[in-house]
Amino acid sequence: MKATIERATLLKSLSHVQSVVERRNTIPILSNVLIEAASNGCVKLMATDLDLQVVETLSAEVDTPGETTVSAHMLFEIVRKLPDGSQIQLSAADGKMLIVAGRSRFSLSTLPRDDFPVINESELPTHFALPTESLKQIIDKTRFAISVDETRYYLNGIFLHVLKNGEGVMKAAATDGHRLACVTVSCPAGAEDMPDVIIPRKCVVELRKLLDECEEEIKISLSASKICFDLGHAILTSKLIDGTFPDYTRVIPTANDKLLKVNPKALMQGVDRVATIASEKTRAVKMTIEPGKISLSVTSPENGMATEEVPGEYDADHLDIGFNARYLLDILGQIENDVAEIHLAESAAPTLIRDSDQSAALYVLMPMRV
Amino acid sequence: MSIRRLPEDVINRIAAGEVVERPASALKELVENAIDAQSTRIAIRLIKGGLDGIEVIDNGIGIPMDEMRLALERHATSKLPENDAIEAVTTLGFRGEALPSIASVARLTLESRTSKSDSGWQIIVDNGQFEKEGIAALPKGTKIKVDSLFSRIPARRKFMRSAKSEYMACHDIVRRLAMTRPDIGFSLEHDGRRVFSLNAGETRQRRVAALIDRTLKDNSVPIEYQRDQMYLEGVASLPTFHRGLADHQYLFVNGRPVKDRLLIGSVRAAYHDLLAKDRHPVLALFLTLPGSDVDINVHPAKGEVRFRDANAVRSLIVGALRESLDLSGFRSAQPADVQAMGKWQKSSEASIETTSSPKEDALHESKSSVSDSSLLFKAKSPDAVRPHSFSAKRPSPSTSDLWSAAAQSSLPPMGRNTTTSPSETSEQTDFPLGLARGQIAATYIVAESRDGLVIVDQHAAHERLVMERMRRALENGQVTSQRLLMPEVVEMDEVSCDLFEQRQDEFAALGLETERFGHEAILVRATPAMLGNCAVKAMIKDLAGEITAYDQSLLLKEKFDHIVATMACHGSVRAGRLLSVAEMNALLREMEITPHSGQCNHGRPTWVKLGHKDIEKLFGRS
Ligand SMILES: Nc1ncnc2c1ncn2[C@@H]1O[C@H](COP(=O)(O)OP(=O)(O)OP(=O)(O)O)[C@@H](O)[C@H]1O
Ligand SMILES: [Mg+2]
Chain A
1 MKATIERATL LKSLSHVQSV VERRNTIPIL SNVLIEAASN GCVKLMATDL
51 DLQVVETLSA EVDTPGETTV SAHMLFEIVR KLPDGSQIQL SAADGKMLIV
101 AGRSRFSLST LPRDDFPVIN ESELPTHFAL PTESLKQIID KTRFAISVDE
151 TRYYLNGIFL HVLKNGEGVM KAAATDGHRL ACVTVSCPAG AEDMPDVIIP
201 RKCVVELRKL LDECEEEIKI SLSASKICFD LGHAILTSKL IDGTFPDYTR
251 VIPTANDKLL KVNPKALMQG VDRVATIASE KTRAVKMTIE PGKISLSVTS
301 PENGMATEEV PGEYDADHLD IGFNARYLLD ILGQIENDVA EIHLAESAAP
351 TLIRDSDQSA ALYVLMPMRV
Chain B
1 MSIRRLPEDV INRIAAGEVV ERPASALKEL VENAIDAQST RIAIRLIKGG
51 LDGIEVIDNG IGIPMDEMRL ALERHATSKL PENDAIEAVT TLGFRGEALP
101 SIASVARLTL ESRTSKSDSG WQIIVDNGQF EKEGIAALPK GTKIKVDSLF
151 SRIPARRKFM RSAKSEYMAC HDIVRRLAMT RPDIGFSLEH DGRRVFSLNA
201 GETRQRRVAA LIDRTLKDNS VPIEYQRDQM YLEGVASLPT FHRGLADHQY
251 LFVNGRPVKD RLLIGSVRAA YHDLLAKDRH PVLALFLTLP GSDVDINVHP
301 AKGEVRFRDA NAVRSLIVGA LRESLDLSGF RSAQPADVQA MGKWQKSSEA
351 SIETTSSPKE DALHESKSSV SDSSLLFKAK SPDAVRPHSF SAKRPSPSTS
401 DLWSAAAQSS LPPMGRNTTT SPSETSEQTD FPLGLARGQI AATYIVAESR
451 DGLVIVDQHA AHERLVMERM RRALENGQVT SQRLLMPEVV EMDEVSCDLF
501 EQRQDEFAAL GLETERFGHE AILVRATPAM LGNCAVKAMI KDLAGEITAY
551 DQSLLLKEKF DHIVATMACH GSVRAGRLLS VAEMNALLRE MEITPHSGQC
601 NHGRPTWVKL GHKDIEKLFG RS
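Residue numbers (full-length UniProt numbering), protein chains in the order written: chain A, 1 to 370; chain B, 1 to 622.
Take the hints with a grain of salt, since some may be wrong.
Said to hold, decoys possible - Not the full set, but computed from the structure, chain B residues with beta-carbon under 10 Å of chain A: (1) Thr90; (2) Met160; (3) Ala163; (4) Ser165; (5) Met168; (6) Thr480; (7) Arg483; (8) Leu484; (9) Leu485; (10) Glu488; (11) Met492; (12) Glu513; (13) Thr527; (14) Lys537.
Unchecked claim - Simulated restraints, written as ranges between beta carbons of each label pair: (15) A:Ser59 <-> B:Leu523: 31 to 37 Å; (16) A:Ser225 <-> B:Val489: 50 to 56 Å; (17) B:Val489 <-> A:Leu50: 41 to 47 Å; (18) A:Ile277 <-> B:Glu323: 42 to 48 Å; (19) A:Tyr154 <-> B:Ser117: 42 to 48 Å; (20) A:Glu336 <-> B:Asn219: 37 to 43 Å; (21) A:Thr244 <-> B:Ser119: 46 to 52 Å; (22) A:Thr307 <-> B:Leu523: 50 to 56 Å.
To be clear, the hints were calculated from the coordinates, so they are not data collected in a lab. Ideal placement from N, C-alpha and C gives every residue a C-beta, glycine not left out.
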């Protein structure tokens, strides 16, 4: 194998590829990136952690087609340190890969390509295309709510499903048991009969990194156990979480009759300020809601107390309710409008937060007893 | 009215009143029979606490076909020796009453097969009336099924408590019997659910711990004691491991579970000045003595016995327990102290090192103290390894490390170089923990009090203080709890759920809101906010386990402490952080006014003191 690649191109691809590789690996081949140079001037870089696989395609000058595997982090570090604008020549022979750029030469040991585990991207029955913007929205608005509790592995990802009632909507949801985020987009053609899937967090994170440089549409194909995102320059394939996502629709309140309209930025700033003195673990903020104003308060046995008033539109009965400040900030941070709608029922009931009834995203937050 | 002999079935039913009070007593008889039959594996199945069915299957010697009818007759037993000497009985049964009694108040299916016969035989008796018999297919051993217990005796049936409490009684009986015979495998199933399964051939310690509490193994002393012809063995909890109820005291005489007042009294006497009045040890004691020295026929089922020489038994038990406990006390405390003193002496030799600059001198001194002080604590409590402490894992910190550490510190020179102003000297008399003189290894505060030298473990002490502070906050009603979006259903066995449910309100006070959810599950609605996004299932199971294992009231306080402690731990000054003298003094003053500050949340000391006398001893001055 012999190929020459422009440093910036190689570096960008490697940065994507190497982040899939787990740092502490017990299986040596999994630390490696697979490099495949084809005679048509394409070089493919592939990395995997056995659950998630990324393949990046970049153009290069290929003298001799061939393939090999070398340490992904090592190669990334080398390329990163090479001067900008250099042409990097990779050539592999006899269990070594030679890297030459300007006056630098590196010789890395390689592992045979045949040992490299590959997740098959083909044979996925469902195919559809999603606008890049929709996919970004799904990820950006839900991923903060993904659970990190590994005992509830089925919450460790974004749940994606299509309503089977013919309404033509696709929904994405994530929850950690304390809050829920849900985004509704219109169902793309071809996805109508897709199985419900849970996309693991790591896949979501890596996918999001790749989305900014993407074309209009992302081609998605999936089965009940695998999902594949074709982003043009890169293909991301992931195993899905094998579990049942709880029926989250049950917990979205539909009869919360107390509507509070508030400027999300103002509320966020207020919450952030009073929460300064909250004890680190609980971060409980109490909201006293009355027509015309919201009083935020925090009482910490350790540190003292803080209060702040935030204006808001509200004409229902007086209500005291407590929230975890961090959760509230996470959600308010997602609101794009100047007004957030906070639909309340009572101090122990789930609270619904959204931009408006037109918005694609909605959030449910469970209160705290304070 | 003329006197007449009672018909057999009436006699049986009267006897049954004594022997078979409730499902658990029938079960006890059946399991004892299985044990007597030299079984190595006994499987017990219960339905609705035994009210709707009891089944005991053993792999013992079986009953020959032609003796099966006899076995169901009153006062028919195979267990009395030829000379009918009751004293020589080595089996659990000998009266020949159990089976006929049970059969008179229930429908009893007896199936059995000996190793000699190539098929089994079955007899069914319904409330004392023979129903049918015939060939039965079963492997060698005996299978007894009891159902419709008391169905013809409504009065008795009415007195039965809930299936739950009947089940608890059955569980207790099986547990006791399983303890006596670690050589036999036992399994217990309730309403189709496996409660436990114990392998044959376990050690007694293991079996007892498996049945009472896993942690007992590390909190108990083995008892082995012989006096004349009496032999006492078993497991007894250390005085630090106790309960509010005396319900985990398992006493056995010649392999028979007993609830004898003399024995209970002896245990109390042995622990008398080691435990508070309302606390009770956890133990299993097995007393073996010649059959002629004990009368086990006091009451057919109550488990009372009569000793020929009650005083001897009492003094054996008290003596054995006291001696074993005292020994264990010596083991954990005194030799460690001696060892620690040894370390001190060694360290003083090591620190006499000539060095060029005073600063370096101080550093060297602190260096040697690093390893010494950690050894001191090690010797005292082997589990005292803290993640952030400068432990013995860092035997020789390099000078540059120390230099950089010292450079960051706002401290006066460490160790003895700290100057003492006269005013401070007079002040120190006011403070039990004295005035801070410096910090060693960025982990321990060294203070001088009127009567000696005080060393404080800063992390342990601070953790304790933070915890006490938090506790106060909680007591002031500052508890916050986070409601769950989807209530979590935690499945557990019924008994655990029952116990959990009983404590539900107290958990709620800690922010853990739960509800009973069917027989075998707890529904969690909210969790203590201070725990963050915790693994609810694991926590509930932990809590349930602890409630079952420890005394309930004690537990709550402990669990409460534990929760708070976990939190406090994260909010505390870490070992390894350099403190200013003002900070150190503030910590000492707060410790003096905070209750229980002498012990960290894990029961280790937060400070130690070396009196002037001890110091003099170290230098050979006394
Ligand atoms: N599981 C069994 N395996 C073998 N033989 C048994 C079994 N159960 C009962 N037997 C036989 O049936 C007889 C009667 O049992 P029963 O329990 O009524 O009396 P016991 O055990 O002799 O005395 P006790 O009334 O004190 O229990 C026993 O002596 C024994 O021979
Ligand atoms: Mg018997």
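Each hint tested on the structure:
Restraint check, Thr90 of chain B versus chain A: the minimum CB separation of about 51 Å is more than 10 Å; hint violated. Interface hint at Met160 of chain B: violated, since its Cβ lies 40 Å from the closest Cβ of chain A, which is beyond the 10 Å cut-off. Restraint check, Ala163 of chain B versus chain A: the minimum CB separation of about 32 Å is more than 10 Å; hint violated. The criterion of a C-beta within 10 Å of any C-beta in chain A is not met by Ser165 of chain B, whose closest approach is roughly 33 Å, and the hint is violated.
Taking 10 Å as the C-beta contact cut-off toward chain A, the hint placing Met168 of chain B at the interface is violated, the least distance being around 30 Å. Because the closest C-beta pair between Thr480 of chain B and chain A is about 4 Å apart, less than 10 Å, the hint holds. Taking 10 Å as the C-beta cut-off, the interface hint given for Arg483 of chain B holds, the closest approach to chain A being about 4 Å. Interface hint status for Leu484 of chain B: upheld, as the beta-carbon distance to the closest one in chain A is roughly 5 Å, under 10 Å.
A distance limit of 10 Å between C-beta atoms decides the matter here; for Leu485 of chain B the minimum to chain A is near 5 Å, and the interface restraint holds. A least Cβ separation of about 7 Å between Glu488 of chain B and chain A falls short of the 10 Å threshold, and the interface hint therefore holds. Residue-level restraint check for Met492 of chain B is violated (minimum Cβ-Cβ distance to chain A is 15 Å; threshold 10 Å). Residue-level restraint check for Glu513 of chain B holds (minimum Cβ-Cβ distance to chain A is 8 Å; threshold 10 Å).
At about 9 Å, the closest approach between the beta carbon of Thr527 of chain B and any beta carbon in chain A falls short of 10 Å, and the interface hint on this residue holds. Evaluation of the Lys537 of chain B hint against chain A yields a held restraint, the C-beta minimum of about 6 Å falling below 10 Å. Checked against the hint of 31 to 37 Å, the C-beta distance between Ser59 of chain A and Leu523 of chain B comes to roughly 59 Å, which is inconsistent with it. Taking the beta carbon of each, Ser225 of chain A and Val489 of chain B are about 27 Å apart, not inside 50 to 56 Å as hinted.
Between Val489 of chain B and Leu50 of chain A the beta carbon distance is about 32 Å. The supplied range of 41 to 47 Å is therefore violated. Separation of Ile277 of chain A from Glu323 of chain B is about 57 Å and departs from the stated range, judged on CB atoms against 42 to 48 Å. Between Tyr154 of chain A and Ser117 of chain B the beta carbon distance is about 55 Å. The supplied range of 42 to 48 Å is therefore violated. Between Glu336 of chain A and Asn219 of chain B the beta carbons are some 59 Å apart, a value that contradicts the proposed interval 37 to 43 Å.
In this structure the hint that Thr244 of chain A and Ser119 of chain B lie 46 to 52 Å apart at CB holds, the actual value being about 50 Å. Between Thr307 of chain A and Leu523 of chain B, the C-beta spacing of about 35 Å breaks the proposed range 50 to 56 Å.
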